[in-house]
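Residue numbers (our numbering), protein chains in the order written: chain A, 11 to 421; chain B, 11 to 421.
These are calculated hints, taken from the structure and not from any lab test. Predicted model, so just to flag it, every value in this text is computed and none were measured. Backbone N, C-alpha and C define an ideal beta-carbon position, used for all residues, glycine too. Keep in mind that the hints are not guaranteed to be accurate.
[To be verified] Derived BS3-like pairs (lysine-lysine); straight-line CA-CA distance at most 27 Å:
#, chain 1, residue 1, chain 2, residue 2
1, A, LYS34, B, LYS221
2, A, LYS116, B, LYS39
3, B, LYS299, A, LYS191
4, A, LYS299, B, LYS299
5, A, LYS221, B, LYS39
6, A, LYS39, B, LYS299
7, B, LYS299, A, LYS309
8, B, LYS264, A, LYS39
9, A, LYS39, B, LYS116
10, B, LYS309, A, LYS299
11, B, LYS191, A, LYS299
12, A, LYS221, B, LYS32
13, A, LYS39, B, LYS125
14, B, LYS39, A, LYS264
[Stated by the list, open to error] Output of the computed footprint for chain A on chain B, the stretches with three or more beta carbons under 8 Å from beta carbons of chain A:
#, stretch
15, 34-41
16, 286-298
17, 327-341
[What the hints assert, rightly or not] Using C-beta positions, here's what the derived DEER-type ranges look like:
#, chain 1, residue 1, chain 2, residue 2, range
18, B, LYS67, A, SER157, 34 to 44 Å
19, A, SER183, B, LYS191, 42 to 52 Å
20, A, VAL21, B, LEU260, 26 to 36 Å
There are 2 protein chains.
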Amino acid sequence: MDKFAVLGCGVVGSGVVELFEKNKALIEKRSGRKLEMAYILDLRDFPDRPYGSKVVKSIDTILADPEVTVVAECMGGIEPAFTFVKACLEAGKSVATSNKELVAAKGDILLQTAKDHHCNFFFEASVGGAIPIIRPLHKCLAANDFSAIAGILNGTTNFILGKMITADMDFASALALAQEKGYAEKDPTADVEGHDACRKICILSSLAFGKHVYPESVHTKGIREVELKDVKLCMQLGYAIKLIARVQRLENGKILPTVMPMAVADDNLLSDVNGVYNAVMVRGDGISKAMFYGRGAGKFPTASAVLGDMIEEVQLSDTIPAQTWENVGSADFIEDFSQFSAERYFRTSAANAEALTEVFGEGVSEILTMDDHESVFTVAREMNVTEVEDAVKALSAKGIRVLAEYPILQP
Amino acid sequence: MDKFAVLGCGVVGSGVVELFEKNKALIEKRSGRKLEMAYILDLRDFPDRPYGSKVVKSIDTILADPEVTVVAECMGGIEPAFTFVKACLEAGKSVATSNKELVAAKGDILLQTAKDHHCNFFFEASVGGAIPIIRPLHKCLAANDFSAIAGILNGTTNFILGKMITADMDFASALALAQEKGYAEKDPTADVEGHDACRKICILSSLAFGKHVYPESVHTKGIREVELKDVKLCMQLGYAIKLIARVQRLENGKILPTVMPMAVADDNLLSDVNGVYNAVMVRGDGISKAMFYGRGAGKFPTASAVLGDMIEEVQLSDTIPAQTWENVGSADFIEDFSQFSAERYFRTSAANAEALTEVFGEGVSEILTMDDHESVFTVAREMNVTEVEDAVKALSAKGIRVLAEYPILQP
Chain A
11 MDKFAVLGCG
21 VVGSGVVELF
31 EKNKALIEKR
41 SGRKLEMAYI
51 LDLRDFPDRP
61 YGSKVVKSID
71 TILADPEVTV
81 VAECMGGIEP
91 AFTFVKACLE
101 AGKSVATSNK
111 ELVAAKGDIL
121 LQTAKDHHCN
131 FFFEASVGGA
141 IPIIRPLHKC
151 LAANDFSAIA
161 GILNGTTNFI
171 LGKMITADMD
181 FASALALAQE
191 KGYAEKDPTA
201 DVEGHDACRK
211 ICILSSLAFG
221 KHVYPESVHT
231 KGIREVELKD
241 VKLCMQLGYA
251 IKLIARVQRL
261 ENGKILPTVM
271 PMAVADDNLL
281 SDVNGVYNAV
291 MVRGDGISKA
301 MFYGRGAGKF
311 PTASAVLGDM
321 IEEVQLSDTI
331 PAQTWENVGS
341 ADFIEDFSQF
351 SAERYFRTSA
361 ANAEALTEVF
371 GEGVSEILTM
381 DDHESVFTVA
391 REMNVTEVED
401 AVKALSAKGI
411 RVLAEYPILQ
421 P
Chain B
11 MDKFAVLGCG
21 VVGSGVVELF
31 EKNKALIEKR
41 SGRKLEMAYI
51 LDLRDFPDRP
61 YGSKVVKSID
71 TILADPEVTV
81 VAECMGGIEP
91 AFTFVKACLE
101 AGKSVATSNK
111 ELVAAKGDIL
121 LQTAKDHHCN
131 FFFEASVGGA
141 IPIIRPLHKC
151 LAANDFSAIA
161 GILNGTTNFI
171 LGKMITADMD
181 FASALALAQE
191 KGYAEKDPTA
201 DVEGHDACRK
211 ICILSSLAFG
221 KHVYPESVHT
231 KGIREVELKD
241 VKLCMQLGYA
251 IKLIARVQRL
261 ENGKILPTVM
271 PMAVADDNLL
281 SDVNGVYNAV
291 MVRGDGISKA
301 MFYGRGAGKF
311 PTASAVLGDM
321 IEEVQLSDTI
331 PAQTWENVGS
341 ADFIEDFSQF
351 SAERYFRTSA
361 ANAEALTEVF
371 GEGVSEILTM
381 DDHESVFTVA
391 REMNVTEVED
401 AVKALSAKGI
411 RVLAEYPILQ
421 P
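Just chain A, with the same shape it has in the complex:
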């Protein structure tokens, strides 16, 4: 008999308990073990729920029970989650977490702690909710040298951008609707400013390239400044504006993680990922590319991922070497954002084909000009940040203002 414990009985934690009880027979068959959901750590009591009697108030109760082999952390935030998870790992109990903030900030320490105590720290639920992505990366694709990962990793911003496209709403109205539907929090900063997506791309980057990438090292831009006008004009040019969390390995061997709104071509599957769904595209030298798609959040989708981790952990007798990364003590392996290079979408105050060709050289697409003379076009040539700045200045000297600019996601 192995015992499970759950830390935090909020949306995800209660989902873990309920999904486990619902599918217990199936889960026991698949894990080859007898299992019991033994403890739920929460400050609150839940007398009316069937699992009310399992609620405990102190982590020590869980730590003291040697039959507890696997613990789910569903509290969120860094403390006390970090202290509790570390204590569990030090007691040789494997941990599965849905807490991306914890993994992005403390993953290196917790992975090392797990290794030192021959147990595992898993976090499939921390990126992409229900989507299997962590295990595919380090197991199924373990023979690949990865070159890029790009994903829609935040359902809230994807819902907002989708409403701007389909319902002609501006950012503020779409955000208000997301809040009304419960997809965005009252303080939407973490989602809207890209911090949530940033934590997730940190986790994927760390796993794919083996070195801890901290959120501070990632150029992060949210969607607050995305204008309805550009969303609609991009559509006319065959692109959807999406908040893309991405990491690429450059020719110099460094990696470049970014979070920012990008123009995604209509023939890229990521452009069709709508509403609160998430998707991750992975490129490697063996697979070429693969995509993973599913619900990015929600009670049972996230619980499904946490339980999937717990079911594997209970069967393992030692740490999995591939599911880890190191703290290399510097960020030298991360390239500066100034080196970020991409094809671009531009909106300018006037169309002047001659001036544009002079500034951009070859690669300027057909120019779409509106009644107010504003014009949009794409440049089919990779431009880095300095080149864009230079182009903005050169256009300015010709009396043309750049009103908006988006990098285009390479296919």
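Here the structure of chain A is known, so what remains is to put chain B in place on it, guided by the hints.
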């Protein structure tokens, strides 16, 4: 030091050897082991290749070396692959295979043999090439009660149907092009008649529901009869005709696996899976739905999946309980195709709204009528096989012939 061996040095086998040698340092780090590609079993010699000296002619050489812990089977076909794989497993050597025919026909026996000898029989490469789907199903999604799986699992037919859509080619011309490009074999029967997709849905059904589903139990219809006319008319109604391999669990608890061309609505991501790509949509009570997308075949994509299996197998000390299924000795758990039910697309010899409403009741869509009076429409009401037959007869009595009919994939 663990030694790997590869059986069969064709496209996939040579890919396994080459990708391993290319990424050996990475693979050793991720697996936490020193590894050597020690033997390649093939009747041919490869004196000009860097691994030429590793070629052996007898399986006994591999069986006799106790340092060989993991073997890749990339020969294809049932014999001698079955005999060789079984012998490896009996010697306690885990096996990874790309051979869907072997898994669909003999998976139950080989999984039991692996269990008896405390090793593993893995087959990630047998379905969807590079796409991680086997491990996500039994590991990441292990807490889910599955209700349906639907996929585009054959790249050749998907390429052909795609050319019919985008290049206005009829079936015969598109097949000829696929053969010219090397996507279809000279004898295209296994792809075109749906046998290849059938083997793959057998494997996914067996894994998801725990009981071996043999190809003979699956209603399988290929794409040879798909007319360009219907491909184009479906498009006008907002659907793409795709060869869909599918299994659903019915309310009576039985499962119903099918392979057949179906109409897939434009807002379903599967409708955007083009060319030689594959994709699998999975439904479960925890995740709601998730999709996996990638290259369905090819040297390195398939090799990537085989190596991913080998890298995990070398780290395992016993059989994984979830990655298995049983032979239950009967096909009673499989529902008869007569119970298959879906909304439908119809093409008829004439439009007669009154007659159609009389026959189908509510749910007939707007009718699209062509110059030759042929008409297409959908029926938004699930109809089983008998109901379709009855409708065909009833229309016939009114002088209207049904010229084509496709079930619509539910979202």
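Results for each hint:
A distance of roughly 19 Å separates the Cα atoms of LYS34 (chain A) and LYS221 (chain B); the hinted pair therefore holds under the 27 Å criterion. Between LYS116 (chain A) and LYS39 (chain B) the alpha-carbon distance is near 22 Å, which keeps this suggested pair within the 27 Å criterion. Between LYS299 (chain B) and LYS191 (chain A) the alpha-carbon distance is near 21 Å, which keeps this suggested pair within the 27 Å criterion. Simply put, LYS299 (chain A) and LYS299 (chain B) have alpha-carbon atoms about 21 Å apart, close enough for the 27 Å limit, and the pair holds.
At roughly 13 Å between alpha-carbon atoms, LYS221 (chain A) and LYS39 (chain B) fall within 27 Å of each other, so this suggested pair holds. Simply put, LYS39 (chain A) and LYS299 (chain B) have alpha-carbon atoms about 22 Å apart, close enough for the 27 Å limit, and the pair holds. Of the pairs offered as hints, the one joining LYS299 (chain B) and LYS309 (chain A) holds, with about 14 Å between alpha carbons and a cut-off of 27 Å not exceeded. Our distance criterion of 27 Å between C-alpha atoms is met by LYS264 (chain B) and LYS39 (chain A), whose separation comes to about 19 Å.
Of the pairs offered as hints, the one joining LYS39 (chain A) and LYS116 (chain B) holds, with about 22 Å between alpha carbons and a cut-off of 27 Å not exceeded. A hinted pair counts as satisfied when its Cα atoms are at most 27 Å apart, and LYS309 (chain B) with LYS299 (chain A) qualifies at roughly 14 Å. Between LYS191 (chain B) and LYS299 (chain A) the alpha-carbon distance is near 21 Å, which keeps this suggested pair within the 27 Å criterion. A C-alpha spacing of about 21 Å is found between LYS221 (chain A) and LYS32 (chain B), which places the hinted pair at or below 27 Å, so the restraint holds.
Our distance criterion of 27 Å between C-alpha atoms is met by LYS39 (chain A) and LYS125 (chain B), whose separation comes to about 15 Å. With a C-alpha separation of about 19 Å, the suggested pairing of LYS39 (chain B) with LYS264 (chain A) holds against the 27 Å cut-off. Counting residues of the stretch 34-41 of chain B whose CB lies closer than 8 Å to any CB of chain A gives 5, which reaches the minimum of 3, so the coverage claim holds. Counting residues of the stretch 286-298 of chain B whose beta-carbon sits less than 8 Å from any beta-carbon of chain A gives 5, enough to reach three: the coverage restraint holds.
Interface restraint, the stretch 327-341 of chain B with chain A: holds (4 residues with C-beta to C-beta distance below 8 Å; minimum three). Separation of LYS67 (chain B) from SER157 (chain A) is about 38 Å and conforms to the stated range, judged on CB atoms against 34 to 44 Å. At about 49 Å, the beta-carbon gap between SER183 (chain A) and LYS191 (chain B) stays in the expected band of 42 to 52 Å. In this structure the hint that VAL21 (chain A) and LEU260 (chain B) lie 26 to 36 Å apart at CB holds, the actual value being about 32 Å.
The structure is consistent with each of the numbered hints, conforming to all of them.
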